[in-house]
Amino acid sequence: MGKNQHVVSHGERWAVKEEGASQPLAVFKTQGEAWERAKSIARKERSEALLHGRNGVIRTRNTYGYDPSRSKA
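So in my numbering, spot 61 of the sequence shown is number 129, and the numbers just go up one at a time.
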């Protein structure tokens, strides 16, 4: 499973950052563009894409691959 991809505000733009990275992978004009890129990377990496609002709070997340929170105990 690859590293999770986060969409975060980056000044007046939106960035896709790999979890734990200090620098963004890419910066976009709109949140929607960044979200599409993050989901694409997460699908390939079999990880999660997390969408943060301007306040930093996670608004939504998509899991691609194994999701332990959905498995039966």
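Bear in mind the hints are in silico, worked out from the structure with no lab data behind them. There's no promise every hint is true.
As the list claims (entries may be wrong) - Label-pair distances were calculated between CB atoms; the ranges are:
1) 97 - 124: 17 to 23 Å
2) 127 - 88: 19 to 25 Å
3) 79 - 133: 29 to 35 Å
4) 80 - 133: 29 to 35 Å
5) 125 - 79: 15 to 21 Å
6) 93 - 126: 14 to 20 Å
7) 125 - 71: 28 to 34 Å
8) 97 - 69: 19 to 25 Å
9) 104 - 71: 28 to 34 Å
10) 134 - 91: 25 to 31 Å
11) 126 - 94: 25 to 31 Å
12) 133 - 97: 16 to 22 Å
For each residue, glycine too, the CB sits at the ideal point set by N, CA and C.
Next on the checklist: Tell me if the beta carbons of residue 79 and residue 133 are separated by a distance inside 29 to 35 Å.
Outcome noted: 32 Å, holds
Item to check | Cβ distance range 28 to 34 Å for residue 125 and residue 71, holds or violated | outcome: 21 Å, violated
Item to check | Consistency of beta-carbon spacing, residue 133 to residue 80, with hint 29 to 35 Å | outcome: About 33 Å separates the Cβ atoms of residue 80 and residue 133, which means 29 to 35 Å holds.
Checklist entry - Quick one: are residue 93 and residue 126 within 14 to 20 Å, going by C-beta? => result Hint holds: Cβ distance 18 Å, inside 14 to 20 Å.
Checklist entry - Does 19 to 25 Å hold as the CB distance between residue 97 and residue 69, or does it fail? => result Hint violated: Cβ distance 30 Å, outside 19 to 25 Å.
Next on the checklist: Tell me if the beta carbons of residue 134 and residue 91 are separated by a distance inside 25 to 31 Å.
Outcome noted: Given range 25 to 31 Å: holds, Cβ gap about 28 Å.
Item to check | Distance restraint hint 17 to 23 Å, applied to the beta-carbon atoms of residue 97 and residue 124 | outcome: Holds, at about 20 Å.
Next on the checklist: Tell me if the beta carbons of residue 104 and residue 71 are separated by a distance inside 28 to 34 Å.
Outcome noted: At roughly 18 Å between Cβ atoms, residue 71 and residue 104 fall outside 28 to 34 Å, so the hint is violated.
Item to check | 16 to 22 Å as the expected CB spacing between residue 97 and residue 133, which holds or is violated | outcome: 29 Å, violated
Checklist entry - So the hint says 25 to 31 Å: do the beta-carbon atoms of residue 126 and residue 94 match that? => result Check failed, 19 Å falls outside 25 to 31 Å.
Checklist entry - If you check the beta carbons of residue 127 and residue 88, does the distance land in 19 to 25 Å? => result 21 Å, holds
Checklist entry - In this structure, is the beta-carbon distance linking residue 125 and residue 79 contained in 15 to 21 Å? => result 18 Å, holds
When the structure is compared with the earlier hints, violations turn up for hints 7, 8, 9, 11 and 12 and for no others.
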